[in-house]
Structure formats: structure tokens, C-alpha cells
Amino acid sequence: MSSDYDYSDDEDAFYDDDEDMISTGSAPSDDDMDMEFADDFKVPQHSPRKAYEIEHESLSQQAVEKLSAADVDHISSIFGVDDSTASLLLRHMNWNKERLIEKYMDNASSVSVAAGVSTPSRASPSVTGPAPIRSSGSRRRTTRQTPVPKAEPWVCPICFDDSQTSFLSLSCDHSFCAGCWTAYITSKIREEGEHAIRCMAEGCALVASDSFIVSTLAKYGEDGDGRTQERFQELLVRHFVGANPHLKYCPYPSCTYTVSCPSASSRSSLTTMVPTVSCGANHKFCFGCSVDSDHRPVICSVAKMWLKKCRDDSETANWIKSNTKECSKCQSTIEKNGGCNHMTCKKCKYEFCWVCMGPWSEHGTAWYSCNRYDEKAGVDARDAQSRSRASLERYLHYYNRWANHEQSAKLSVEMYNKTEKKMEEMQITSSLTWIEVQFMKRAVEEAERCRATLKWTYAMAFYLDKGNEKELFEDNQR
Amino acid sequence: MTSISSRRLRKELSEIQTEGCPTGITLLNADNFETWYFSIEILGESLYQGEVFKLMFRFDSSYPISAPAVQFVVNQESTAPVHPHVYSNGHICASILGTEWSPVLSVSAVCVTLQSMLASCKSKERPVDNDRYVRYAPDNPKKTRFHYDDDTV
Numbered sequence: 005m006s007s008d009y010d011y012s013d014d015e016d017a018f019y020d021d022d023e024d025m026i027s028t029g030s031a032p033s034d035d036d037m038d039m040e041f042a043d044d045f046k047v048p049q050h051s052p053r054k055a056y057e058i059e060h061e062s063l064s065q066q067a068v069e070k071l072s073a074a075d076v077d078h079i080s081s082i083f084g085v086d087d088s089t090a091s092l093l094l095r096h097m098n099w100n101k102e103r104l105i106e107k108y109m110d111n112a113s114s115v116s117v118a119a120g121v122s123t124p125s126r127a128s129p130s131v132t133g134p135a136p137i138r139s140s141g142s143r144r145r146t147t148r149q150t151p152v153p154k155a156e157p158w159v160c161p162i163c164f165d166d167s168q169t170s171f172l173s174l175s176c177d178h179s180f181c182a183g184c185w186t187a188y189i190t191s192k193i194r195e196e197g198e199h200a201i202r203c204m205a206e207g208c209a210l211v212a213s214d215s216f217i218v219s220t221l222a223k224y225g226e227d228g229d230g231r232t233q234e235r236f237q238e239l240l241v242r243h244f245v246g247a248n249p250h251l252k253y254c255p256y257p258s259c260t261y262t263v264s265c266p267s268a269s270s271r272s273s274l275t276t277m278v279p280t281v282s283c284g285a286n287h288k289f290c291f292g293c294s295v296d297s298d299h300r301p302v303i304c305s306v307a308k309m310w311l312k313k314c315r316d317d318s319e320t321a322n323w324i325k326s327n328t329k330e331c332s333k334c335q336s337t338i339e340k341n342g343g344c345n346h347m348t349c350k351k352c353k354y355e356f357c358w359v360c361m362g363p364w365s366e367h368g369t370a371w372y373s374c375n376r377y378d379e380k381a382g383v384d385a386r387d388a389q390s391r392s393r394a395s396l397e398r399y400l401h402y403y404n405r406w407a408n409h410e411q412s413a414k415l416s417v418e419m420y421n422k423t424e425k426k427m428e429e430m431q432i433t434s435s436l437t438w439i440e441v442q443f444m445k446r447a448v449e450e451a452e453r454c455r456a457t458l459k460w461t462y463a464m465a466f467y468l469d470k471g472n473e474k475e476l477f478e479d480n481q482r
Numbered sequence: 447m448t449s450i451s452s453r454r455l456r457k458e459l460s461e462i463q464t465e466g467c468p469t470g471i472t473l474l475n476a477d478n479f480e481t482w483y484f485s486i487e488i489l490g491e492s493l494y495q496g497e498v499f500k501l502m503f504r505f506d507s508s509y510p511i512s513a514p515a516v517q518f519v520v521n522q523e524s525t526a527p528v529h530p531h532v533y534s535n536g537h538i539c540a541s542i543l544g545t546e547w548s549p550v551l552s553v554s555a556v557c558v559t560l561q562s563m564l565a566s567c568k569s570k571e572r573p574v575d576n577d578r579y580v581r582y583a584p585d586n587p588k589k590t591r592f593h594y595d596d597d598t599v
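Protein chains in written order, with the working numbering: chain B, 5 to 482; chain A, 447 to 599.
Calculated directly from the structure, the hints in this document are not laboratory data. If you're wondering where the values come from, they're calculated on a predicted model, not measured in any experiment. You may find that some hints are simply not true.
To be verified - If the Cβ cut is set under 10 Å, some of the chain B residues that face chain A in the computed set are: (1) PRO161; (2) GLU196; (3) ARG202; (4) ALA205; (5) GLY207.
As the list claims (entries may be wrong) - If you want the footprint, here are the derived chain A segments under chain B, 3+ residues with CB under 8 Å: (6) 453 to 464; (7) 503 to 512; (8) 547 to 553.
Every residue, glycine too, gets a C-beta built ideally from N, C-alpha and C.
Model the full assembly from the supplied sequences, consistent with the hints where possible.
Put into C-alpha cells, the structure is as follows:
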């Protein structure tokens, strides 16, 4: 049960810990929560997942590291290479294990060279074995921190310092002093956010292994607090998460949780569901898009379409509606900014009367006043116009309601603050405890959630086809 | 300026002073460890015969881990060479000054590379987007993300 424990129920937030202990095993029987919900907030709601909820799991950075380590283990056991090499190969292939295995089996040396694991010249003999290990001696690239004894005083080609005693190199044998390596690695990680750090030599494509980076930083790193290493781990995790379609970083600032949502990993799945998920810190967001944190009931693409329409249309539409009419022949929008009622459409040259919208030919000599009473042509013309007006009006109907909710959502922050004050007051004036007044906060949160859903139902209704289902929908909406 | 960059520059400078610059390149000014000037000319057969250009190197504390800012000096006395990779404000689009920079490279290595870039030029023309780039170019060419698309020139 603990693996698909559902964090999305915000109500659980305060009881996470004990609930886990209480409900293990007995949880599935707890499906009458809807009734308990209203009258007793303390009952842990451990219901089976509701139909609209999406199975997802929040992962901490460590958990993601574990996941990637499992992939690395898998590859290293298949290829018979060490973990660092396997990690480099996987990163090169964007963590696509299947493709890596296929390509590696096909041509191990070219993959190793492309991944920066081995150098082209000596790639062929060594890649069948553990690629990065030098065949000539006991010095493995990953462990070559030890000062390499040199007969003549060795000058680091980067800092030109001949007093340096410790030199490091990857398996390409381009050695540089430890200080330069550290400065280089630190700058690559900290300034450029780069996890694939190439050898410093010109034109050398070898990439430093994780263990080389970690041990170099640990031994010679100057910052002492391990922040560079931390950042490096974070970069690796980010790369892993970015390469996995079923993983997503929580978009909230400085949140380190990752959410795994396998069922929403493909684009096509987003047409049938709204993957509203929340991370371990209770940040709610949509796994499929960045439009809104919770845009149920409309799917991501519709929500996006709606927002786009709103941005394009709403203000302009309002103005157009109040200031223009449409040519009853070609429907182009016309603003009358002076002159008599005899209008000639600039686009289709249709001549009509601004007052009745009927053709001018029927007006005879009554240039300045329209005295005709609804003759057929005039009615038709107004009909066509009103149809297009109606579509605009229909849109504005939904838009205004949607925008109202959007606006109130912004105002509800204030409401939230007020509630907190009220809660404090209640504790003082009545005998209620802190836990017992939590219901107010919950009520506000629930109201906010309802508002968000209600808001998006207007976008949904706008795009629904006319019919019984839509009527039902709008009845429910009321 | 941290010790590593000034130590490195001191070494490079003393090497230049004792062994001299590569042919066609002369050190004009290296009074500090922030900005150096060189003159550069292309010897032998080339489109730039008889022309002398002035190069400016700007170093920050991260040199040689990150590349120096290198550009041709454009003022009353000198201009930038007309070359498909050199903008009229003196900025140079060369991969070794950006993504392909390696800490092993040095000031004289950059000079030699630029020399050969000019020497192998087959037609004197400005980059296609010269006007647009120059209008919005940052003062420091390192702030530009060049797109290195042509390895032949």
C-alpha cells in the first residue's frame, strides 16, 4: 500500500505519518469516506483512488538517484563495465536503455567513443572488456588521483606551475595538475551546469567519469561545503528526470521532489485524462502541461486552446461588440465613424443601410433615415449578423464566468489570511483546540479547489457540442 | 584576480618575451593581466597581403579555464579584416573562442589559429548577418552565443 500511497489528498497533509502506520493493510475497506468527509476531518481518508485521480508517486531526490542507479547497475552488469562507464553511456543515450543495448551490441567501440568513454585510437581492443581501464598498467582512470611520479619536474600545461605535485588524467593520459582540474570541474558544474565534463586537452572528447569528478572534488575541492558535489548530483538527477517521460520535476521554486506518473507519459494519454498530481511537499501541478495547476475537467490541449482564445479575443471582442457591425454579405467588421447611413463595404462593395442592415437598393431616396419596416431582405441581413454576434456573445458568456472565478481565486489569498486570524480568535474565545479549528482552513482550501474546477467547467462547456450531454453538464454546473 | 590566471598569464608573457611571438604576430602591449594587444599580419600568399590588424585579448579571473574575450580592434587607426567570420565591429565567430575552447590553448595559439583562419580565406566578405549583429552586439563578444556552422573557412 505504501507505494501507491496517494499524496494528492490534501486533507492528509497533517496526518501523513501516523496514518501510514494505522492504515497499512486495512486501508482498502475504507471506502465510505464521502460521508465521513463532512463531519469528521480527523478520519484519515484512505479511499481507493477516485476515477478522476491519476496514479502517481512522489519521489525525493534520493529516490530518483536510486532509480537511475538501478539503470546503471543493469547496464554495467550486461556490458561488464564499471558503474561510472555505464552511467556515461546511459547519459550519452539519454537514458534510453534499449537503444543503448542495441547500439552497444552493434558497435561497442563507436558508442564508447561517442559517449566519451574511450578514445578513438585505442578503442577497438579495449571496449570489449571494461572500456575505461587502461590496459597497460594498474592505473585505472577512475582512481588516478595519486601523484604520478615524474622524473623531470613536470609543468602543468594550464597554469604553468612547476611546483605542483599531484597530477590527474583521464585514460587519454592528458595530465594536468589537481588544482586546474578542480577549478575546471567546479566552473563547468557551477557556471555552466554541465554534467558531461570533457578532458581539458584541446580536441580530446573523453568525458570525466562520475567517480573521477566526485573524488577530485572531495580531495582537492576548495569550497569545502560540498556544494559543487551537491550541484553535480542534482545535475545528474535533472538529466535523468528530463530524459524520462514518466518523470517530472515539481515546477515550484526550489522544490526538489520528482513525480512519477507512468500513465500520463505519452502525449496521446493526455487526450483522455488530466494528470493533476502533487509532489511530496503538496505542490499541486498538472503533469501534462504548464497551463494551470489543476484544469480539470478540460484536458491540457483544450485548456491551452481556451487560454489562447482568451488572450487573443476577450478584450478586443468586447470592443468590437460594442462599436462595430458586420457587413451582412461578407461578414467583415465595420466601424461607422461618421457620415450617413448609406454604407459601402470596403471589402465586398456591398451597399447597405447602417440602421436596418438591409440592402441600400431598397431604400430609394430616404438617405438619412431608415423608414423601412422589416422587409425580408432586412430580416435576413440582421439574422446573419445576429448569428455571428451570438457566437461572440456565447463566448463572452463563458469567458466572463471563467474570468470571474479567476479573479476571485486571486482575491481568495486574502480570504485565506483572514481565516487564519479567525482561527486564532476561535481558539481564544472558545474551548476549541488548534487541531479542532483546522476545519476552517480546510473549508477554505476545499472552496478554492471547487472554484478552480468550476472555473474550468466554463471552458469545457464552451467547447462541448450542443446536445443532451451538454444540457446535463450545464444543469450540473448551476 | 586569482593566482591561477595571473600566474598563467605571467608565464605566457615571459615565454613570449623570451622566445618571441609566432611570425607575423607582435606583442604591442601587455601592461596588466586584464587586456593585451597584438598586431597580426598574414605572411605569404593571401587576400590580406600588406594589411595589419590589431587584436585585443581580455582576460578575467577564470582564464584559462574559460576562454579569453578576443576581438579585432576597430578605431581610427585600425579596422577588422573583411572575412566571413569577422564582424565589422571586430567580433570573431570562431569555435575555439567559445565551445571548443580548451584550457591548454594559449594566447599565441589563438593568434596562430586566427592567422590561419584569415590565410585560408577565399573571398573577402562580411558575415551575412553583419548589420543585424553589429547593431545589437554586446560589448564583450563572449556574451554572444555564436552558431558555428562553417568549418571550411
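So which hints don't hold here, by number, going up?
When the structure is compared with the hints, none of them turns out to be violated.
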